[in-house]
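Asker: Chain order of the listed sequences is P and W. Note that the numbering used here has the first sequence beginning at 663, numbered continuously upward. Note that the numbering used here has the second sequence beginning at 741, numbered continuously upward.
Calculated from the structure, these hints are not laboratory results. Hints are not guaranteed to be accurate.
[To be verified] Below 20 Å or equal to it, Euclidean Cα-Cα: the simulated SDA-like pairs (lysine to any residue) are: (1) W:Lys-941 - P:Pro-767; (2) W:Lys-863 - P:Ser-737; (3) W:Lys-941 - P:Glu-768; (4) W:Lys-863 - W:Ser-795; (5) W:Lys-863 - P:Glu-768; (6) W:Lys-941 - P:Glu-754; (7) W:Lys-863 - P:Asn-734; (8) P:Lys-703 - W:His-989; (9) W:Lys-863 - P:Asn-733; (10) W:Lys-941 - P:Ile-780; (11) W:Lys-863 - P:Phe-739; (12) P:Lys-703 - W:Gly-874; (13) P:Lys-703 - W:Thr-991; (14) P:Lys-703 - W:Glu-878; (15) W:Lys-941 - P:Phe-739; (16) W:Lys-863 - P:Glu-665; (17) P:Lys-703 - W:Tyr-990; (18) P:Lys-703 - W:Asn-877; (19) P:Lys-703 - W:Thr-987; (20) P:Lys-703 - W:Ala-994; (21) W:Lys-863 - P:Asp-741.
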Amino acid sequence: MSERPRPIATAWSEPFWAELREGRFTLQRCSDCGRFAGYPKVFCPHCYSDDLEWVPASGKGRIYTHSTVINNPPSTFVDELPYVIAIVTLDEGPRFLTRIVDADPEDVACDIPVELEIREEDGGPMPMFRLAVAAD
Amino acid sequence: MAKGAVIGIGEVPSGRFPERTALEAALQAAREAIVDSGIDKSEIDVVMPCGALFSREFNTSLGVGRLVEELGLLGTAGTNVQVFAGGSSGTVMLQVASGLISAGLARNVLCVHSDQLGTGVDKTQGIDLFATVGMSNEWEIPFGVNFSAIAGLITNRYMHETGTTPEQVAAVCVSMREWAKLNPHAMYRGPLTVEDVLNSKMLATPIHAFESNMLADGAAAMVISAPDTAPDKTDTPVYLLGASGRTTHYTLAAEADMARFSYATAAQEAFAMAGLSPADVQLAQIYDSYPVFVLIALEEVGLIPRGEAGAFVAAGHTQPGGKLPMTTNGGMLSQGHTGAGGGFAIMVETIRQLMGKAGDRQVDATFAVETATGGTYMDAHVAVLGNQRP
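Model the full assembly from the supplied sequences, consistent with the hints where possible.
Answerer: Below, the structure is given as structure tokens:
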């Protein structure tokens, strides 16, 4: 079994992964137009400014949608079945594809709150989420 | 005003054909399309191969003139240019070819797709290829996502917003199969019920194995010409009357609305261009690959009210004899998924129906709407076609 694929970082996304290794989840925000870039970009995709700054994110969000992988995963993920894939809308606005960890798949649902959980994997940390303890 | 006219089509059966190479399949489909068009092959001045996913070597050869040489078009074909837009390739190639013709830069364009995903890759390679092809190696692949999970994410959000049931989603597969039973080129033609679908292996919730497309070998081709002179070349020209699209993500997380995509905008623009409305079409050739895209497109294109497509399909209205014939080749769910060719085959089927050449599954239609989407459903493309010019 070959190893599961690690994120292949770019020169402009490396600060995200460096911050994550320090336990911080950060987002690029444009100093000119004030909008978030989503995952790290070369320049602001909204106004084309080069002036992107890294800001700490709350690590809180809600599940936009989810799917639990049961069978026929990519071959390097067979040992991890079943696992919950989700797209989370951060409180700051951007959405990320991620995993929901330590949850019964039956408890995972659209629109429920989640919190960041940085998981140490072979080769480095991954930004994952867990169900929020206190629902509102 | 028609944008382009399709004057010839060709196709080989989809399925698992280990003895048939992708090159041979491409050539057979292309020859059939040229013969069907009624023009001499020397009148083809642009050859437009699609992208093939199973082999980088084969794909590259298509970009550098292999079909021109093998089809005996050396010295007469002016341009060989590859066009690839994932599952939207059929629609996009028809748009690009029509644009070249409208601009006076081409007279007759040959579009060809061929791929060998059924037998040209082994099973593990096939699963891994489709787990990762086109996805981000930084923001998607490392989490273990694959296309079944991508479809699961979209289906769950759509069901959450509309209340559509698993039985209604499964009914899309049954509609596809009922049409495939009438299509000798389809990969799967046996009986299929909603219970069969829901009892098949769960891949990624809520997607069952029978709700996942099957990788297949296949090839198809079409010849596109100028609308004004097409009737001089063939008795059965089919006109591209309107087309539009929106590209709404590369990574799925960037999609603004996963229960709608942008079919509504694309359809409004395509129908306006055609001078028609959704009520004017008698045939819906909707891209499937997974059932949820059918339900979303039926609603957003304007054929069925929001949230009601599942019940409409479950009632059998899209099956043979129903009031809205839909995806009459059986789609990727039954004809088979040949990479970019899944959508290409649906476009060719749209044209075949409007030409009156669909055999046992022929429907009575003057105007049709066709949809397509590629990648992780990165775009929403809508085309309006007819065998008359409104």
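Asker: Check the hint pairing Lys-941 (chain W) with Phe-739 (chain P) against an upper bound of 20 Å on the C-alpha distance.
Answerer: holds (18 Å)
Asker: CA of Lys-703 (chain P) to CA of Glu-878 (chain W), is that 20 Å or under?
Answerer: holds (12 Å)
Asker: Is it true that the CA of Lys-941 (chain W) sits at most 20 Å from the CA of Glu-768 (chain P)?
Answerer: Holds. Lys-941 (chain W) to Glu-768 (chain P) sits at ~18 Å (cutoff 20 Å).
Asker: Within a Cα-Cα threshold of 20 Å, do Lys-703 (chain P) and Thr-991 (chain W) meet the stated pairing?
Answerer: Given pair Lys-703 (chain P), Thr-991 (chain W) holds - Cα atoms ~13 Å apart, limit 20 Å.
Asker: When you check the alpha-carbon spacing of Lys-941 (chain W) and Glu-754 (chain P), does it fall within 20 Å?
Answerer: violated (38 Å)
Asker: So if I understand the rule, the pair passes when the alpha-carbon distance is 20 Å or less; does Lys-703 (chain P) with Tyr-990 (chain W) pass?
Answerer: holds (13 Å)
Asker: Is Lys-941 (chain W) close enough to Pro-767 (chain P), meaning Cα to Cα at most 20 Å?
Answerer: holds (17 Å)
Asker: Does Ser-795 (chain W) sit within 20 Å of Lys-863 (chain W), going by the straight-line distance between their CA atoms?
Answerer: holds (15 Å)
Asker: Would the pair Lys-703 (chain P) and Gly-874 (chain W) pass a check requiring their Cα atoms to be no farther apart than 20 Å?
Answerer: holds (18 Å)
Asker: Hint check: Lys-703 (chain P) vs His-989 (chain W), CA-CA at most 20 Å. Holds or violated?
Answerer: holds (14 Å)
Asker: Would you mind confirming whether the straight-line C-alpha gap from Lys-703 (chain P) to Thr-987 (chain W) stays at or under 20 Å?
Answerer: Cα-Cα ~18 Å, so holds.
Asker: Between the alpha carbons of Lys-863 (chain W) and Asn-733 (chain P), is the straight-line distance 20 Å or under?
Answerer: Distance of about 14 Å is within 20 Å: holds.
Hint violations for this structure: numbers 5, 6, 10, all remaining hints satisfied.
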